[in-house]
Each structure stands twice: as C-alpha cells, then as structure tokens.
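Sequences and hints are given; from them, build the entire structure.
There are 2 protein chains.
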Amino acid sequence: MSEHSILFLPHNKKITVPDGETLIRAAMEAGVHVNASCGGEGLCGKCRVIIEDGAVEGGVSEKLSKADQEKGYRLACRSIVRGNLTVRIPVESEVDASVLNLKSTPRCTARIVEPNLDELKEQGLFIPPVEKKYLELPEPNVHDNLPDVTRLVSFLKLNHDEHRLVVRLPVIREIPDVLRQGNFKVTATLARPVHSGRKSHIIHVEPGDTTDRNYAIAVDIGTTTVYAQLIDLKTGKVLAQHGDFNAQISYGEDVISRIVYAEKPGGLEKLQEVVVGTINKVIGKNIRKAGIGRNEVSSIALAGNTTMTQLLLKINPRYIRRAPYIPASTLYPPIGAKSLGIDLGDHVTALIYPAISSYVGGDIVAGIMGSGMYRTNEITLFMDIGTNAEIVIGNKDWLACAACSAGPAFEGGGIQFGMRAAKGAIEDFSIDPATLEPMNITIGNVRPKGLCGSGLIIMVATLFETGVIDSQGKFNRELKTPRIRQTEGIWEYVLAWKEETQIDRDLVLTEIDIENLIRAKGAIYSGAQTLLEEVGMGIQDIERIILAGGFGSYVDLEKAMVIGLLPEVAPDKVTFIGNSSLLGAKMSALTNRIRQDVVEVTRKMTNFELSETPSYMDHYIAALFLPHTNITQFPKLKERLEARKKLRK
Amino acid sequence: MSEHSILFLPHNKKITVPDGETLIRAAMEAGVHVNASCGGEGLCGKCRVIIEDGAVEGGVSEKLSKADQEKGYRLACRSIVRGNLTVRIPVESEVDASVLNLKSTPRCTARIVEPNLDELKEQGLFIPPVEKKYLELPEPNVHDNLPDVTRLVSFLKLNHDEHRLVVRLPVIREIPDVLRQGNFKVTATLARPVHSGRKSHIIHVEPGDTTDRNYAIAVDIGTTTVYAQLIDLKTGKVLAQHGDFNAQISYGEDVISRIVYAEKPGGLEKLQEVVVGTINKVIGKNIRKAGIGRNEVSSIALAGNTTMTQLLLKINPRYIRRAPYIPASTLYPPIGAKSLGIDLGDHVTALIYPAISSYVGGDIVAGIMGSGMYRTNEITLFMDIGTNAEIVIGNKDWLACAACSAGPAFEGGGIQFGMRAAKGAIEDFSIDPATLEPMNITIGNVRPKGLCGSGLIIMVATLFETGVIDSQGKFNRELKTPRIRQTEGIWEYVLAWKEETQIDRDLVLTEIDIENLIRAKGAIYSGAQTLLEEVGMGIQDIERIILAGGFGSYVDLEKAMVIGLLPEVAPDKVTFIGNSSLLGAKMSALTNRIRQDVVEVTRKMTNFELSETPSYMDHYIAALFLPHTNITQFPKLKERLEARKKLRK
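Residue numbers (my numbering), protein chains in the order written: chain A, 8 to 656; chain B, 8 to 656.
Hints are computed from structural coordinates only; laboratory data are not their basis. Treat the hints with caution; some may be incorrect.
The list makes no distinction among identical chains, and a pair is therefore deemed to hold if it is satisfied within one copy or across any two copies.
DMTMM-like cross-link-like pairs, simulated, lysine to aspartate or glutamate; straight-line CA separation at most 25 angstroms [unchecked claim]:
{"hint": "1", "residue 1": "Lys611", "residue 2": "Glu485"}
{"hint": "2", "residue 1": "Lys321", "residue 2": "Asp350"}
{"hint": "3", "residue 1": "Lys653", "residue 2": "Glu575"}
{"hint": "4", "residue 1": "Lys206", "residue 2": "Asp604"}
{"hint": "5", "residue 1": "Lys321", "residue 2": "Glu213"}
{"hint": "6", "residue 1": "Lys611", "residue 2": "Asp168"}
{"hint": "7", "residue 1": "Lys277", "residue 2": "Asp353"}
{"hint": "8", "residue 1": "Lys645", "residue 2": "Asp579"}
Given the structure is predicted, the values throughout are model-derived calculations rather than measurements.
The structure is reproduced here in structure tokens:
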C-alpha cells in the first residue's frame with residue numbers, strides 16, 4: 008500500500024499516512040485540530056481546510072461555495088488522500104498561535120506484537136507438542152512375529168531414535184488393521200512429554216505418509232465470544248480464524264448469571280453442552296476455511312476465565328461466586344477432547360490453561376505465557392482492561408496479580424451516551440483551546456450517536472490537558488462557551504448539537520461520566536500500585552506495559568497516561584497482544600515449552616485480593632484525580648501542564 | 008488336625024497321615040502296594056489288610072468272613088485312620104520279598120508356595136500402588152482463598168510429605184463438594200507411580216477418615232473360568248475368593264473358536280461384554296463375601312492369556328490365529344476400569360498383564376512375576392501344563408519362553424477312557440510286580456469310570472518302572488496275566504473288570520493311550536530342551552521347577568520324572584504356585600515393584616516359535632521314549648532301573 012506525506016500549515020507538522028486515509032483522520036493523527044462536530048459525515052461543514060499543494064479525492068460539498076472550492080477549500084472529513092499534500096488549516100478554526108509551540112501528544116496506540124516461530128526456534132523454546140513420523144516397517148513372518156505394537160515401537164526407535172514410547176489403548180485397538188491397510192507403511196503421531204525425559208505417547212497411527220499434514224486448534228472461550236484459530240504445526244502459521252458468540256449467552260450475560268444458572272438442576276450440563284456446541288461450530292468453520300480434514304487436527308489448546316474453564320470441564324462453579332471465592336483448581340490435567348464433547352479425533356488431547364484464582368483465570372495466564380513476560384528481566388505491567396480488569400506485574404523472578412472491579416465505563420457503561428465501539432461512536436476527539444469547539448471522529452465516519460471507551464479516555468484527557476476540566480474532573484465554570492452548561496444541576500460539555508447527531512438530542516459528556524471514568528481508571532492504577540507496593544516496589548519501576556483484550560488495541564497511550572490509567576512509560580515500551588487468551592492457546596499448541604513453564608508461572612504467581620489488601624483503599628482514593636494526587640508519578644505530563652500554565656499567563 | 012503314624016509290615020515302612028485318611032491312601036502314600044481294582048468303593052474286596060496294633064474306623068465288609076474279621080482283617084479302602092496303627096499286608100498280595108529292597112518312589116507332589124507380604128517388605132519389594140491419606144484442612148477464608156485442589160495438594164505436601172501430585176478431572180469435579188461435605192476433613196486416595204520420581208495421582212477424595220478401608224481386586228481371566236480375589240491392601244490378606252465359568256463359553260469352548268466369533272460383526276463387542284459380565288459377577292461375590300463397599304475398592308489387576316486379554320480390551324484378535332500369529336501388543340497401558348465396563352468406582356484403574364506372544368500370554372507373565380523366578384539366580388523351569396503348555400526358562404539375567412502344543416492327553420483327551428479329574432477318575436495307581444494286579448484309587452473312592460491326567464502319568468510311569476511296558480511304551484508280550492491282552496489288534500492292560508466299574512465295560516489302558524501321553528510329554532520336554540540349547544545350556548542346568556495351573560498340583564513329581572515329562576531334580580526343588588495368573592494379579596495389586604519389573608521382564612524375554620526352531624523336531628523325536636532316548640539325562644531313574652534289572656536276573 009502506497010503512502011503519502013502531508014504537511015499541515017501553519018503548524019508546520021508533517022505526517023505520513025496510507026493511501027485512502029481521510030484528511031481529518033490525518034490531521035487528528037498529526038495532532039492538528041480541525042473543528043468537526045458531525046463525526047466526519049460532512050454534515051456540519053466545519054472542517055474546512057485549504058489544499059495548497061497536491062490534490063485530494065472528494066471533499067467538495069454544498070457546504071462550500073464555488074468560490075471557496077476554487078480557492079482550494081475542501082471538507083477534511085470528505086477528502087481522501089491520494090498523493091502528497093500541503094494543507095493549511097484556515098484561521099477561523101486555528102488555535103491561538105502560541106498553542107503551536109505546545110508539545111502535542113501524538114496519537115499513538117500500542118505496538119502489536121505477535122511472537123513468531125522462528126524466534127522461538129532461535130531461542131530454543133520450540134518443542135513441538137505433537138509430531139508425525141513416517142515408517143516403512145518390514146512385514147512380519149514366522150521368523151519375525153513381533154506383536155504389532157512392539158514392531159511399530161521398535162522401528163520408531165531404530166529409524167527415528169524415538170525412545171520411551173507409550174501407546175494408548177484406543178491406538179492399540181487400531182494398530183493391527185492400520186498396519187495391514189497401509190502395507191506396513193504408516194505415519195505415527197507422537198505427543199511429546201511436557202518434561203523432557205518423560206515418555207512420548209503414540210496417539211494415532213495412519214496408513215501411508217501424512218507427515219506434511221499436522222494441525223492444531225487454539226481456542227479462546229470468552230464469556231461473550233468464542234474464537235478459534237487453526238494452526239499448521241509444521242510452519243506455525245495460522246491458516247484460519249473464526250469467532251462466534253458463546254451460546255451460553257442465552258443463559259446469562261455475565262459470569263455471575265452463568266454460575267447461578269449452573270447451580271440449577273441440569274444447568275451445569277446444559278452450559279457445558281452449549282459452550283462445546285459453540286466451540287465445535289468455530290472449529291468446523293476453521294476446518295472448512297483451511298480446507299483440511301478433521302482427523303488431521305492433532306491437538307487443541309483452550310483458555311478462558313475461571314468460570315468459563317470450570318463450565319467447559321463440567322466443574323460446578325458455585326464456590327466462585329460465594330465468599331471467599333474459591334475456584335476448584337489451579338492446574339487441570341490434559342484430557343481427551345472427545346470426552347468433553349469436542350468434535351475432533353479420539354486421539355486429540357485438550358490442553359486447558361490453568362487459573363490463578365476465581366477472577367484471574369486461564370485467559371490471563373494465557374496472556375502471560377503468550378506475551379513471554381514471565382521470561383524477561385523487565386518489570387512488566389500486563390493489563391486486560393474491561394469491566395473486570397486483570398493486572399499482572401512482574402518478570403522472570405516474580406509475578407503478582409489481582410482482579411480489579413473497574414466497572415463498565417471502559418465499555419461505555421454508566422456513561423450517559425456511552426456505547427460499545429460500533430458505528431457512530433466517537434472514537435477520537437480534539438478541542439480548540441481558544442474556541443472550545445470539538446473535533447469528533449466517529450467509527451464509520453457517520454453522525455455520532457454516542458462515545459466509546461477509547462473515545463472517552465481521549466476526551467477526558469484532552470479536556471484536562473486543555474484546562475477545560477480540572478484534576479477532579481470538574482468543568483472550569485468560567486469558560487465562556489454554550490458547549491459547557493448545566494442541565495438539571497449537572498455540568499456537561501456538548502460534543503455535538505442535536506441536528507449533528509443520529510439521536511435527535513444534544514450529545515453530551517457530563518461530570519458524572521467523567522467521575523465514572525476516574526473511578527474506573529483509579530481502580531486499575533491503584534491495583535497496580537498495590538501489587539507493586541506489596542513486593543516493595545513503586546509505579547516508577549514499571550519498565551514495560553502489555554495490553555490485552557479488545558480495548559487495549561484502541562486506547563491512545565498518551566491519553567491513557569494523561570488520565571492516569573496507565574503509568575507514564577515511553578510509548579514504545581507499550582505493546583498490544585490482542586486476544587491474549589487466543590495467543591496463549593496458540594503458543595501452547597505450538598510449543599511444549601509453554602506447558603513446561605506454565606506450571607512454574609502458576610506456582611510463582613501471588614494472587615492479591617485487593618478488597619482484602621489494606622493499602623488498596625488508600626491507593627484508590629489517591630488515584631481518584633487526574634492523573635493522580637501525586638502528579639510526580641507523571642513527570643512528562645507535569646512538564647506539559649506547567650508549560651501550558653506558563654503560556655496562559 | 009491330629010496326625011497318626013502307621014507302620015506297614017512286612018515292608019517296615021512308617022508313615023504319618025492326617026486323622027480321617029483311608030488306609031488304602033496311606034498305603035499308596037507309603038509306596039506300599041495293596042491289590043485294589045474297584046477304586047476304593049469296597050466292592051472288589053481285594054484290599055485286605057491285618058490291623059496288628061491299634062484300631063481303625065470301619066473296614067468291615069461282607070467280603071470278609073467273621074473269622075477273618077476277628078483275626079484283624081479289614082478292607083483298607085473302607086478303613087478310616089483314627090489312631091496309630093501297625094498294619095500287615097497279607098501274603099496273597101505281598102510282592103516278591105526281594106522287591107522290598109527296591110528304592111520306592113514316594114508319592115510326592117510339589118510344595119505349594121505363596122509369597123507373603125512380610126517377606127516382600129523385608130526384601131524392600133513392597134511399594135503399595137494405592138494408599139490413603141487422611142487430612143484435616145483449614146477452612147478457606149478471605150485471607151486464605153486457595154483453590155480447593157491447591158489446598159488439598161498443599162496440605163498433602165505439608166502433612167504427609169507428598170510431592171509431585173496430579174489430580175484427574177473427575178476428581179477435580181468432586182473435590183469442592185467433598186471438602187465441604189467433610190467439613191474439610193477428608194481422605195485422599197493416591198495412586199503411586201510405577202517408577203519412583205514420577206508423579207502420584209490423587210484418584211479419589213472422600214469425606215472423613217477412611218484410611219483403614221482400602222482394597223484391591225485381582226482377576227484371572229481364564230478361557231474356561233474367571234477367578235477373582237479381594238485383597239486388603241493394608242494387610243495383604245486375601246479376604247475373599249470366587250470363581251465362575253467365563254460366560255464366553257457360550258460362544259466357543261477354546262480360544263480359536265472365540266477368535267472366530269470375534270471376527271463376526273458385533274462379535275468382539277459381544278465377547279467383551281460377556282466376559283466383563285462374568286468379571287462383574289465374581290467381583291460382586293467377592294465384595295459381598297468380604298462385606299465391604301464397592302467404592303472401597305481402589306484398584307484392580309487382571310491377567311489372562313493373549314486372546315482373553317485382547318477380548319477384554321476390545322482389541323480384535325484376528326491376527327492371533329493366522330500365521331505368523333501376531334498379537335496386537337506386549338504392554339498395555341493402565342486404563343480406567345469403568346471404561347472397560349467393570350463395575351467399580353470411576354477412580355479405579357485396571358492394570359492388565361502384558362503378553363509375550365500370541366500363545367504365551369499375560370497369565371504366564373503373571374506366573375513369572377508372582378513366582379519371583381525373574382529375581383533369582385537359580386536357572387528355573389516354569390511350566391503351565393495343559394493342552395497348550397507354556398514353558399519359561401531362565402533367571403534374573405535371561406528368560407526364554409515357548410508355547411508347546413502338547414495335545415489334550417494331560418486333560419484326559421485322546422485317551423480311550425480318559426476323563427477330567429472328577430469323581431470316579433483313577434487318580435492313583437500301583438501294580439503288584441509279581442501278580443500284575445492293580446491298586447486303583449479313584450477320586451471320591453467310588454468305582455472307576457475312567458482315568459485322569461495325573462493318574463495316567465502314574466500308571467505309565469509305574470508300568471514302565473515295573474517292566475510291564477518298555478521304553479517305547481509297548482507292553483511286554485511275554486507277561487502272563489489276563490490283564491494284558493490284545494483287543495482288535497491293540498495291546499492293552501485291564502485296569503478294572505466290567506463289574507468293578509461304573510461303565511459296564513472293562514476299563515483299559517491301551518498302547519495308543521500310552522503313545523499319546525509320550526507325544527504330549529515329549530512335546531513339553533523337548534520344548535524345554537530347545538530353549539536351553541538356544542541359550543547354550545542343557546537340561547542338567549535346571550536348578551528349580553515351578554508348576555502352575557490346575558494340573559501341576561496333582562502331578563506326582565517322581566512319576567512325572569520317570570516318564571520324562573519333568574527333568575530330574577530333587578522334589579524339594581519343585582514348587583507349585585496354583586493359579587499363576589491370579590497370583591500374579593494379586594502381586595501386582597499389592598506392590599508396584601511388580602509393575603516396575605514386568606516391563607523389564609517382557610523386554611528380557613525371548614520368545615521361541617518352536618515350529619520354526621530347527622532343533623526342536625530332533626529334540627522331540629528323541630523325547631518320544633520313556634523317559635528319553637538319552638537316559639543319562641535321568642541318572643536316578645537309570646540307577647533304579649539297573650537295580651531292578653539286577654534283581655530280576
């Protein structure tokens with residue numbers, strides 16, 4: 008894909024964007040404010056810019072007069088970048104010239120990091136859990152009448168240097184006929200021991216040479232969705248991926264209502280059955296997408312939160328939701344996939360990620376394993392942000408974790424116009440510090456109908472940095488603009504006027520919304536602080552941040568640091584690993600090294616119940632400010648705020 | 008039980024017998040001949056003896072005149088020994104006086120040997136495969152909210168020094184509720200690893216303290232019968248034993264017809280189902296006899312021949328009966344008893360004895376393990392004699408085995424009046440060297456209706472030693488007695504006249520019968536010789552003999568050496584271990600040491616297919632003589648024969 012460079016004047020900011028980007032998003036990316044209320048639908052006509060050099064596709068509109076069009080005016084939200092440009096932001100929406108000297112915080116989301124097989128191989132971490140070996144056996148005769156299994160085992164030793172082999176009964180049952188079907192030319196599938204020196208299991212024998220076809224499935228069992236990947240075990244490549252809603256949703260939206268259902272007679276069995284149904288559905292899709300045979304899948308690894316895991320394994324989760332919140336187990340032994348109802352060959356063993364506690368589950372452990380944070384020296388903060396946020400801090404020497412009840416703010420819950428990240432949600436925002444006019448960018452470039460979690464963070468951070476709200480999240484009552492007002496006693500900022508929205512109402516951000524966000528981010532930040540303090544460290548010791556989960560890929564890192572959700576580290580030290588549960592499951596499917604290490608990780612991990620950790624409440628109260636009571640924890644922000652203060656004076 | 012001593016005159020032989028023995032059996036035991044045709048029913052009146060001192064119970068008969076009775080005459084077969092006696096054998100049935108100087112061969116069956124637990128413990132061979140541990144756990148609270156399984160495992164480590172524990176999924180499912188049912192006071196059942204250093208499995212958790220109730224089942228799956236024992240794992244004691252016919256009999260009498268049936272559609276499943284039915288029946292009887300709970304059984308070990316084993320495990324045995332006779336496997340992994348249909352707890356693992364080849368099966372391996380022959384220095388010959396006789400030779404350094412097709416002679420098959428060892432079968436025999444009159448003793452002391460395998464060996468040996476038949480098994484045509492005659496061209500000896508039998512015909516032993524026995528014993532002896540020769544040894548290197556199977560307990564050792572079935576060793580070097588399959592299964596249930604060793608034993612064992620071993624046919628031809636072409640292999644017999652020859656001259 009080609010790229011184009013754009014110079015924004017008078018800011019004199021240069022940025023490179025991919026072909027096809029809208030000009031308004033390019034401006035946002037460059038940290039250049041352009042008034043825009045309608046989210047990018049071309050309705051408000053406020054995002055007028057002048058193309059001084061080069062040409063854009065589109066951008067003309069009835070909102071622009073013929074004369075203006077001839078002068079080079081275009082609507083930024085409707086202009087598609089197709090070449091290098093010089094773009095001037097007109098005076099009417101340009102910020103106070105002095106603001107140009109401010110250090111802007113560039114849009115910056117976390118680097119996406121996926122481990123690759125070659126790297127693992129180089130590091131000696133690649134121990135294939137399942138391998139196929141082809142054998143041409145001599146046919147038996149009266150002078151050589153070894154038992155069939157003994158023959159197979161002997162020649163695996165002789166030809167492939169395979170020692171210490173165990174054969175399971177279902178395979179023994181097949182071997183006599185398979186050997187003869189294949190004229191004693193067969194492929195044996197070996198499942199490797201987790202610990203070297205232990206025995207390998209012959210789990211499958213097929214006629215002929217099938218060594219080039221060996222696949223695994225990785226599954227993330229989420230409360231809402233189930234995702235699966237099909238992995239080629241020879242190359243480590245993901246051949247297909249598919250997700251679907253967890254059919255358990257019909258029996259309750261969240262884990263608590265699922266547990267309640269599981270306690271009813273037959274409820275556990277029902278929930279197990281339907282989640283396996285979903286798993287089978289996504290496996291089926293993957294198999295069809297990749298065009299492989301179902302029986303060519305040799306292994307499956309699954310990860311999910313503690314409740315999802317217990318439901319899958321038909322372990323009643325009743326004690327998870329009752330104080331003192333006890334899960335059944337940490338580690339689960341490998342188990343025949345078929346015995347769980349998973350529609351794969353008899354020979355396929357299901358690996359289940361271990362849980363740490365009732366609210367730090369296998370999905371998080373999978374993230375630890377998949378991200379490799381347990382192998383590094385750097386003190387790393389791992390976060391999966393959602394209603395229930397999980398935090399893990401540590402490195403190769405120690406690990407501590409906790410679950411924080413952050414509330415639903417990050418998913419748009421408890422926010423007056425909050426919504427999930429869907430079409431029409433404001434996902435990016437800027438404000439003109441002089442006029443206090445907004446620049447809204449919505450998902451899908453349509454008129455706004457709400458704001459999503461990542462947008463909320465950007466708004467609150469921006470309003471705070473521009474001094475529109477103070478460190479307690481209260482609007483500066485002295486600012487003169489119709490956008491800041493009081494409705495039924497609640498102060499609010501009008502993001503978009505009624506006619507610019509899809510909802511036929513003014514779209515606002517209230518102080519209550521801001522307060523909710525502050526509580527949510529405070530719960531998480533203070534959780535991390537508490538863990539660190541318990542191990543004798545402080546927030547400044549964090550060297551690296553790993554974000555997991557859907558939310559993590561969208562969050563603007565600098566803004567998240569401005570509101571005090573994330574501690575202040577260099578953005579290149581923040582990585583995003585996407586669906587950590589799926590990643591960890593994939594890694595387990597690819598290398599036994601993960602399975603070796605995971606036992607050690609669960610042993611090493613110290614779980615904190617924050618509600619039972621006395622210092623947590625103090626940290627939480629201190630975190631109910633923007634960014635924090637103690638601003639020295641955010642030195643770069645402090646510097647910027649002081650610079651602004653100076654400018655204003 | 009009290010014992011009495013009897014002095015036989017004029018032989019001057021003293022013997023001690025238990026109270027209640029018949030006098031005729033006492034005489035037989037002492038090697039004193041008393042004429043007796045009717046098997047001990049008091050019908051022929053020939054077994055007249057004079058009680059010179061002491062008194063017997065019974066023994067009077069219409070066959071004895073009042074005068075004779077007053078002189079002390081009694082019928083030996085009807086006289087019950089109730090005190091010390093001096094008994095004179097009257098002149099009319101006394102042998103030529105010179106014979107008295109002959110060395111007689113006392114009746115002598117093999118010593119019955121059963122290993123005991125204390126001995127195993129002393130030898131450090133006792134490693135209990137399943138143990139119970141009682142635990143009083145602290146109840147969880149908000150400050151101590153370990154997962155339930157982690158709590159259990161931690162306190163097993165803390166209180167019982169149990170490390171490296173694995174918990175299976177079905178147990179994980181139970182633990183949360185069981186812990187709470189037992190108020191966190193529970194008993195955990197641990198299955199020990201076969202090899203130390205491996206992991207123990209927590210296979211069961213029960214509320215309360217059940218450590219004193221821990222049992223195992225041992226099963227012998229015979230083609231005809233299934234026997235099971237219930238063993239107390241704390242004491243090693245057998246609490247109950249029960250046997251029943253293998254219900255597979257309805258689908259074929261022998262292994263070949265079972266295999267044929269198994270090849271039919273649904274046949275394998277049917278045979279598996281019915282043998283498990285029989286196993287469940289005998290387990291049920293054992294449990295009721297011992298008065299224990301079914302769920303208190305923690306393990307089960309099973310042994311059977313190769314076909315029985317494959318049928319139990321639902322492995323099609325089709326290649327067992329087809330050249331080159333290939334069984335599916337040697338070793339079988341432990342498997343959940345329930346998955347085979349065995350009606351025991353979910354937690355019970357079934358241990359299956361490994362097979363060596365299609366015709367040397369798990370029953371024989373069980374014998375090797377149960378007898379401990381694989382641990383000794385002595386070169387030992389292990390024999391299970393039947394239609395298919397299995398031979399194992401070796402010691403702790405090497406082991407060789409073979410199956411011999413002996414034919415059914417030892418079970419009475421192919422013998423004109425042969426029968427199984429049941430009421431009316433002649434089981435013991437002697438002959439008056441002068442008159443050639445027989446002394447028949449039948450099972451049940453009733454009129455004879457046939458002869459059983461052990462009786463046949465005694466007859467042929469006795470007839471040979473007394474010169475009635477020659478080393479080729481042919482009758483001495485010159486002997487003058489109506490008992491030796493030719494019928495339809497076949498020479499025969501009349502054991503009992505028509506009116507003395509239950510069968511209304513003369514009961515005879517023919518030269519064809521003798522030939523069949525010689526073939527049978529020749530097959531076995533030459534099998535042993537072949538194995539020895541293949542390892543560079545000879546028959547004289549055998550230091551010890553172990554007999555297994557029903558036949559072994561009845562066979563007269565000296566007579567078996569006279570006919571050349573057994574090599575000549577001191578009788579105290581011959582031991583009988585009964586049902587070797589059951590013994591081995593019991594030993595496996597008692598100590599993991601057996602399970603450790605059995606893998607080594609199967610690896611060490613060299614299996615010979617005698618039909619494919621060129622030297623076998625030569626050895627076989629040489630063995631078709633009494634005792635053998637090469638009599639120097641039987642030095643004691645040679646000496647006795649030479650002494651007799653001298654006497655006759």
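Hint-by-hint comparison with the structure:
Taking the closest pair of Cα atoms, Lys611 and Glu485 never come within 25 angstroms of each other, the shortest separation being 53 angstroms inside a single copy and 95 angstroms across copies. Proximity of Lys321 and Asp350 under a CA criterion of 25 angstroms is satisfied in both settings, with 17 angstroms inside one chain copy and 23 angstroms between copies. Taking CA atoms no more than 25 angstroms apart as the test, Lys653 paired with Glu575 passes inside one copy only; the shortest distance there is 22 angstroms, against 115 angstroms between copies. For the homomeric pair Lys206 and Asp604, the shortest alpha-carbon distances inside one copy (18 angstroms) and between copies (17 angstroms) are both at most 25 angstroms.
Within a single copy, Lys321 and Glu213 get their C-alpha atoms only as close as 32 angstroms, which misses the 25 angstroms cut-off; across copies the closest is 19 angstroms, which meets it. Taking the closest pair of Cα atoms, Lys611 and Asp168 come within 25 angstroms of each other only across two copies (20 angstroms); inside a single copy the shortest separation is 35 angstroms, beyond that limit. Proximity of Lys277 to Asp353 under the C-alpha cut-off of 25 angstroms is found in both arrangements, the shortest distances being 23 angstroms within a copy and 22 angstroms between copies. Taking the shortest alpha-carbon separations for Lys645 and Asp579, only the intra-copy value of 20 angstroms comes in at or below 25 angstroms, while the best inter-copy value is 99 angstroms.
When the structure is compared with the earlier hints, a violation turns up for hint 1 alone.
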